[in-house]
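Keeping their order, the protein sequence lines are chains A and B.
Numbering follows our numbering, with no gaps: position 36 of the first sequence is 36.
Numbering follows our numbering, with no gaps: position 74 of the second sequence is 74.
Rather than coming from a laboratory, the hints here were simulated on the basis of the structure.
Where is the CB? At the ideal position from N, CA and C, for every residue including glycine.
Misleading hints may appear alongside valid ones.
Unchecked claim - Simulated DEER-style distance windows between Cβ atoms:
id, chain 1, residue 1, chain 2, residue 2, range
1, A, Lys122, B, Gln49, 30 to 38 Å
2, A, Glu124, B, Asp39, 28 to 36 Å
3, A, Asp89, B, Gln49, 33 to 41 Å
4, A, Glu8, B, Asp101, 23 to 31 Å
5, A, Glu124, B, Asp101, 24 to 32 Å
6, B, His31, A, Asp69, 16 to 24 Å
7, B, Glu98, A, Asp121, 27 to 35 Å
8, B, Lys85, A, Lys139, 18 to 26 Å
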Amino acid sequence: MLTMDKKELTIVNDIARLRELQAFVEEAADAWELSMKVSMNINLVLEEIISNIIFYGYEDDSVHEIRIDLMKADDEVKIIITDDAAIFDILAAEDFAGNEKAAEDRKIGGLGIHFVKTLMDKVEYRRENEQNILSLIKKI
Amino acid sequence: MNITESKAGEINIVSIEGRLDTTNYGELEHHLSSLTDNDEVQILLDLSQLEYISSSGLRILLMFLKKIKAAEGRFMLCSMSNDIKEIFEISGFINIFEIFDDQEAALK
Numbered sequence: 001m002l003t004m005d006k007k008e009l010t011i012v013n014d015i016a017r018l019r020e021l022q023a024f025v026e027e028a029a030d031a032w033e034l035s036m037k038v039s040m041n042i043n044l045v046l047e048e049i050i051s052n053i054i055f056y057g058y059e060d061d062s063v064h065e066i067r068i069d070l071m072k073a074d075d076e077v078k079i080i081i082t083d084d085a086a087i088f089d090i091l092a093a094e095d096f097a098g099n100e101k102a103a104e105d106r107k108i109g110g111l112g113i114h115f116v117k118t119l120m121d122k123v124e125y126r127r128e129n130e131q132n133i134l135s136l137i138k139k140i
Numbered sequence: 001m002n003i004t005e006s007k008a009g010e011i012n013i014v015s016i017e018g019r020l021d022t023t024n025y026g027e028l029e030h031h032l033s034s035l036t037d038n039d040e041v042q043i044l045l046d047l048s049q050l051e052y053i054s055s056s057g058l059r060i061l062l063m064f065l066k067k068i069k070a071a072e073g074r075f076m077l078c079s080m081s082n083d084i085k086e087i088f089e090i091s092g093f094i095n096i097f098e099i100f101d102d103q104e105a106a107l108k
């Protein structure tokens, strides 16, 4: 029987609240004895996704909630981000590969997306009940 | 994030300690602008105490690289940890910055 530890955080769409995200990831990393590198990678990917949602996802000025679930199994951490922002399929979004083209000319917005796709082992997106549900898996 | 500054000849050494992310990149921007606005365009960024960088932090570094190059200055980085270096590699930024192992190598 697979046992899974779970932690969840709900933050509102205010960029200053990203600090809570950092504390949340650090707390989970300590509790689950994750390496510094895994912890940093999860923190980075969450910052990129959540800031993207907060900056570009909402067309009104209302308060919205973004929910983050972390689940740890033996050899991986699963991350689920649920929001009610505009449809955004990260898998279909513009990325850039780390190729020869001068990074100076690249659209910087694509960098965060590139981090998500590169640093995570699995990325799945679905739209359900007018919510974006992004599932990520990081092997540990 | 803590930012400290020192000077070695013409080179301004700026050391960053802690995290450089979406919530605080403005502090570094402000600090570097105060140098470039005074035509101080020989800058070495010591990243030995940098624990975390996100795309917002990288974006600021890229902005100053362009600005300093345009002013015919030099913007160098040194002493990054392996975890930070990996982020530079994945982003492709490893190839566009002058990166040194330590201050000594950069100042040579």
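Numbered hints the structure breaks, given as an ascending list: Hints 2, 4, 5 and 6 contradicted; others consistent.
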